[in-house]
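Undergrad: Fit chain to chain and form the complex, with the hints in mind.
Residue numbers (my numbering), protein chains in the order written: chain A, 1 to 302; chain B, 1001 to 1533.
All clues given are correct.
Between beta-carbon pairs, the in silico distance windows are:
#1 A:Gln57 / B:Gln1317: 56 to 62 Å
#2 B:Thr1332 / A:Gln57: 26 to 32 Å
#3 B:Leu1221 / A:Arg135: 44 to 50 Å
#4 A:Leu10 / B:Ala1415: 45 to 51 Å
#5 A:Leu10 / B:Ile1381: 28 to 34 Å
Calculated directly from the structure, the hints in this document are not laboratory data. Every residue, glycine too, gets a C-beta built ideally from N, C-alpha and C.
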Amino acid sequence: MELIKPGIHLDFVGKMKYAIIFSVILTTISIASVIIHGGFNLGIDFAGGSIIQVKFQKGMTADKIRIALKSTRLENSIIQQFGPNEFLIRTAESFHDQKLLDENVNKPLTTAFNKDYEIRRVEIVGSKVGMDFQRKAIFAVIFSWLAMLVYIAWRFEFRYGLGGIIALIHDVIIIIGTISILNMEFTISILAAIFFIIGYSINDTIVVLDRIRENVKLNPRQKLAETINMSINQTLSRTILTSFTVFLTVIALYIFGGPVLHDLAFSLLVGVVFGTYSSVFISCPIVLLFENLQLSKMKRKK
Amino acid sequence: MIKSLKIRIAITAVICLGALYFLLPTLIPQLPTPWNEYFPKDKIHLGLDLQGGMHLLMEIDTDKALEAMMERTSNDLKESLMESKVRFRNVEKAKGATISLQLNESAGKTALDKILQDQYPDLEIDSSSPSENGQIVQIKIKAKRAIELKKLTVEHSLETIRNRVDQFGIAEPEIIPEGDNRILIQLPGIKDPERAKNLIGKTALLEFKIVDDEHSLEDALRGNIPEGDIIAYGLRADKSTGEKGSMPYLLKNKSLLTGSSLETAKVQISNRFGEPTVSLKFNSQGATDFDRITGENVRKRLAIVLDGVVHSAPVIQERISGGQAQITGTFTMDEARDLAIVLRAGALPAPVNILEERTVGPSLGSDSIRQGIMATLIGSILVILFMIIYYRLSGTIADLALIINIVLVLGILAAFKATLTLPGIAGLLLTVGMAVDANVLIFERIREELRTGKTIRLSLDTGYKKAFITIIDTHVTGIVSAIFLIIFGTGPIKGFAVTLIIGLLASLFTAVFVTRVIFDYFTGTFNIKKLSI
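So here's chain B without its partners, still in its complex pose (with noise of 0.2 Å):
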C-alpha cells in the first residue's frame, strides 16, 4: 500500500475525474459551444436492446462459392483440353466442388497432368478409373487452395457486405466476423428490417445471356433441353391485372458478363411510364465487352438475368458502345434503390443464410431503458440505505465507494466503447450487491479486531489486512464465472458479464482503495475516540 495519504488522494481523484470525463458526453447530451471540444464526443453506445435495432447472424455457404468456381473452370478445362487436341467426353462438375471427366485414350491421361500443371495449379486429381473406352477422371481443387479459397470467399463476403450497408445509410452499423464463416451484423435504429434483410442477404449476381430462340422452348420445357442451354424464368406483371405470373425463358448458359464488369449503377425514372429503372454503366474492359457482344448478337435478344431470374430480355437493335444498359421491370422506388445499391457493391461470391435475427422496436427498447434504470436506482437507493443503516458513518464511507463504482463502471464502459445492453443494467445492479460486500467483509473484521480491544488505527489496519485477501480470492472467482459467460454468450447476454466483470475490478478499487482513503483521512485529521460502525 502506498504510504503517502496525499498521494492516495489524488490517485482517486484522477480515477474518479478521469471517470466522469467520459461519462459527461452521457450525462450533458449538448455541451455548450467552448466546451464540447475538450470532451470526448461519444456517449455510452447503447445495445440494441435498449436502442432498437436489428441483429443478424449470417453463414456464408463457401461450400456454393467452391461448387461455383468448379463449374466455371469446368468451362475453361474443357476448352483447354480442346486446344491440347485431348479427346476426352462429358467434362462436368461432379457431385461437391469435383470436376469429372471421361478420357477416350490412355495417353489422354498425362496429357491432362500436363495441363493441370501448367494451367491449373489449383487442381489435382483425385482419383482416376478405367472404364469401358479410356478411363474416367476425377478432379478436385487441392485442399490447401480451398482453405485459402473460401477464407478469401468470407472476406470479400464481408466487404461486400460492408460496401452495401455503407451505401444503405445506417447510422453505426457493426458489421464483424465470426468464427470460420459467419458475419455478425447489427444495425441500430432500422425501421424496415425486411427491406435490410433483403438488400444484405441478396446474392445479387448480374448476368448477361443470350436467349436461344434456335430450339423450341416448348420441347424444353417437356425436358428436352439442348446442350448448353438453361431455363431461367422471369417475373411478369399483368399491367392491366396486376396478377404476377413467371415466365419461361430458354437460355444459352455461358454468361457473357455479369455484375463485376460494372462501374456503377443508379435508378433513373423512365420517361415513359415514369417507372423507376436501374442504369448500368460499365467500365472500360466491360463497355468494350459489351460492344462486342452486342455486335455479335444483333437481332438476337438478351437476357438480363439476375440471381436466376430474369428481369428483361429485350431485343438488340444494334451494336451498343459507350457502355450503357438498362434494368428495366416492374420497380417500386425503394427496390430500384436496393437493386441499384447492391450492384455497385457487387455480388456476393457466395449465397448467405440467415441464422439468427434479433429485432427490437424503438419502444420496447425505451421501455427497457425506463424499467433498467428504475429498478438499478431503486435496489441501490435500498442497500445504500441498509449500509447507513447497519454501519452508520463507516456506511457511509461505503456508500460513497459505492457510487464512485457506479460511476467507475459507466465511465470505462464509455472510455472503451463497449455496449450497454438490458442484461448489461442488471449486471451494474448486481454489481452494487457484490460491492458492498468486500466492505462488509472488511467492517466485520475491524469490529472483530475493536473488539478485542485493538485501538481504532490498528483495528482498521488488521481489518483491511486480513479481508484483502479474502477479497482478492472471491474477485478472482467472479471474474471468471462472467468470463466463462463472455466467451460462451451471445448477443445482449455478454452484456451482463461485461459490466459484471468491469463492476468487480471497479469494486476492487473502490470498495478497498478509496475507502481506506477516506478512513485514513478522518482518523488523521480528527481525534476520533469511536469508530461509528
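So here's chain A without its partners, still in its complex pose (with noise of 0.2 Å):
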C-alpha cells in the first residue's frame, strides 16, 4: 500500500508563509490566553493543595457533594467529575493533618451519603514543594531544548539546530495555549507530555534535515529553497506513517486509558498534531530564512 505516491512534488516551501502566519497567529493566542487567564490553572503538584478522589456507589452529582461540604473548609474546594459517580475534589489548601482531613471529608461525607463513598486518592502537596517543582520544571524544558540545540549544532548546523529549537519552542507554547484556552488544570502529566513532544517533535524535525543534508551533498549547485522542498516530499510518506501511528497509540491512550491518563493524552494529542505540523512547516522556513540572511550579507559586503 502507498498513501504518498512516489515522485509527489507538492509546493512546501511555498506555502511556507502562510504557515508561518499561521503559526504567529497561533502562538499569538496562546500566549495571550495565558495572560488573560493571569497566568496558569497550576495543578497542585506545582501550587500545593490537596487532591481528594472519591468514588460513590449511586448517582451522585458535583451540586450534591458541594452541599454535604457545605460549611467545611472545602466549602469553595472545585469538585470535578473524572467518571462515572467518581469527582474529584481540589483545594488549596495542604490536608496534611489527618484531623483535617477527616473533619473536612469523612465526617460531612458520611453525614450525608452514609458509607456509601470510598476515598480512592489523596494526593497533599505542599506549597514550598510545589514551587521548587516550579522552578524545575521551567529550567527543566529550557534545558531540554538547550540540549536539543546543541545535538543538532553538533550532528548538523547550527542553523539546522535553531530551526529545530524554535518549533519546539512553538509546540510547547501551542501544547501549553490549549490547556490554558480549555482552562485545564496544568498538571505534571502534562509537563511529560510536553518533554515526549519535545523529543517526539525534534525526532520528525530531524529526519527532514537529515534528508536535506543530504541532498544538499548529492546536488550543491541546486538552489537551497529547491532542495528543501524536495526533502519535505521524499520523506513526506515516513512523516505521515509515523505520525499517524504515534497517532493511534495516543487515540487509544485517550478512549481507554482511564481518566486519570486524561490529561496525559489530550496533551499527547495535541502535541503529536502540531509536532508534526511544525518540524514541516517551521524549522524548515527557518533553515531557509537563515540562508537568505546569510546571502543578502555576502551580497552587501559585495
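TA: Below is the structure:
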C-alpha cells in the first residue's frame, strides 16, 4: 500500500508564508490566553494543595457533594466529575493533618451519604514543594531545548539547530496555550507530555533535516529552497506514517487509558499534531530564512 | 554489522530468552515446584499508583535538631562555667542555634575561651560586645561541625524511620533519602494511612521529669514560672463522660532520663481494667540511673513526658530497682502497639514535616492496571494491523520486532527491579508508536532504492545503511528529552520516562538489528523475486 505516491511534488516551501502566519496567530492566541487567564491554572504538584478522589456507589452529582461539604473548609473547593459517580475534590490547602482530612471530608460525606462512598486517592502537596517544582520544571524545559539545540548544531549545523528549537518552542507554546484556553489544570502529566513532544517533534525535524543535508551533498548547485522542498516531499510518506502510528497509540490511550491518564493523552494528541506540522512547516522555513539572511549579507558585502 | 547470520540469530535468541527468563514470574505467578528454583522470584514491581499504597515525602527539620543540641549544651556550659568559677549571668539559648551569655568580669573572656577550647571543641565565639557590667558573648557552633551534625541528623532519622516501618510490618517498603534533608517513603498496600503517618512522623521523645510540687501551679499559670521550670499539659479523659480535656503540670525542665536509655518497650494488658499499657525496660545504664533517680525523689511525682505531653505522673512510692517502668494512659490497643514500636525504634533526632503525601486505594490501582493494559493492547493491535496492511510481509516482520520490543522492555523492567507505574504503561504504549518509526524509515528507504531498480539484496543493504544514521539521531534526542524528565520529574511520572528510555533503546535493537536478521534469513534461504513491502 502507498498513501503517498513516489515522485510527489507538493510545493511546501511556497506555502510556508501562510504556515508562518498561521503559527504566529496560534502562538499569539496561546500566549494571550495565558495572560488573560492571569497565568496558569496550576495543579497541586506545582501550586500545593490537596486532591481527594471519591467514588460513590450510586447516582451522584457535583452539586450534591457541594451541599454536603458546605460549612467545611472544602466549601469553596473545586469539585469535578472524574468518571461515572467519581469525583475529584480539589483545594489549595494542604491537608497534611489527618484530623483536617477527617473533619472536612470523611465526616461530612458520611453524614450526607452514609458509607456509600470510597476515598480512592488522596494527594497532598505542600506549597513549598510546589514552588520548588515549578522552578525545576521551567529549568528542565529550557535545558531540554538547549540540549536539542546543541545536539543538532553538533550533528548538523547551527542554523538547523535553530530551526529545530524554534519549532520546539512553538510546539510547547501551543500545548500550553491549548491547556490554558480550555482552562485545564496544568498538571505534572502535562509536563510529561511536553517532554515527550519535545523528543517527538525534534525526531520528526531530524528526519527532514537529515534528508536536506543528504540532498545538499548530492546536488550542491540546487537552490536551498528547492532542496528543502524536495526533501520534505521525499520524507512526507514517512512523516505521515509515523505520526499516524503514534497518533493511533495516543488515541487508544485517550479513549481507553482511564481518567488518570486523560490529561497526558490529551496534551499528547495536541502535541503530536502540532509537532508533526512544525517539523515540516516551521523548522524548514527557518533554515531557509537563515540561508537568505546570510546570502543578503554576502551581497551587501560585495 | 556482524557478518555471520548464525551469530546474529543466536544473539537475538539469547536476548529474547533472557527477557523471557526475567518475565516468567510475572507471566506465570505460580511456577510448579521443580521449576521455580531456576527462575527469579520477583515479578515486575508495580508503582503505588497501580498497587495502591502511600507515598510520603518528609523533610527533616535539621535546624531544630541543632537548636535542641545547643539548648542542652547551654545547660552543660553553665555547669562548666560554675566549675571554673567564672562569674556570669543569663546563659541561655538565643535565637537560632546560638548561646548568649553575659560575663561579669573582663577576665571571664579568656577563661571562657579556654573552657570552649578544652571542653567544647565544636563551639566558637561568634561575637562579643561590652555592656554595663562585663560583656555579652554570643557562642555559635562551628560551621563545618553544623553541617556534619545536620548530616548525622538525617542519617539517624532515616535509620529510625526504617526501624519503625520494619517493626510496623509493611511488605517491601522503600525509604530513600532525597536531597539534603528529605526522605521519600513508599509504603505499598497500606490500609490505614493515618496510623502510618503518625507512626512515622512522631518524634517520640520520651522524657522523665520531676513534677515541681514546691511551687504553686496556679501562680505559674498566671505567668510566674519559677526558674528552671516549665508547664506541660497532659491529656485526660474523664472515665465516666469520655470527655477529653487537658491538665497542666508544673515540671522541672531538666530531663532526668530519656527514651535513649530504653532497652525495649512492649504492650501489656493491665490487670485492673484490661487496658493496654506500654511497659518499658531500661538498659543497664538506664536502670542504674532510674534506680538513683527514684531513690532521690521518693514521695515526689515523676512525670512521663512524650513529645512534650505528660502521659502520667505517678508518685514515686519507693526506690525502683530492676529498671522497669510503665506508661499508662487511655490507649487503644493499636495506639499502645504503635507507641511501643516508636519507643523501641527510638526518637527522631529532629521533627519531620510532611511535604507531599499521595495515597492511592487498591481499587483505583486495579482499575488503572485494567485500563492501562486495555489501552496498550488496543493501541498495539491498531499499530500492528496498520503495519501489516501498509507493508504486508515486511510489516509483519516489523510487528514481530515490535512484540519482541514490548517483551524486552518488560523483561528489562523486571531484571532491574524498576517500577512500572500507570504513566509508565502510557510510555510503553507510546514506545510502540515510536518503535515502528525506525521500521517505517527503513522501509521507505528500501522502497526508494527498489524503485531505482536495484536488486532486493542491495536495496535492503542501502535502505538499512541510509536510515541507520537518522534512526540514531532520532533515538538520541528522544532519550535525552526523557532523561530530563527523569531528573526533574517526581513520583509515578518518572516511570513514563523510564519506560520511554528503555523502549527506545530496545527498539534500536529490535527495529534495526532483529528485522535485518529476519530479512537476511529469508532472502538467503528462499529465492525471493519480489519483496513484499
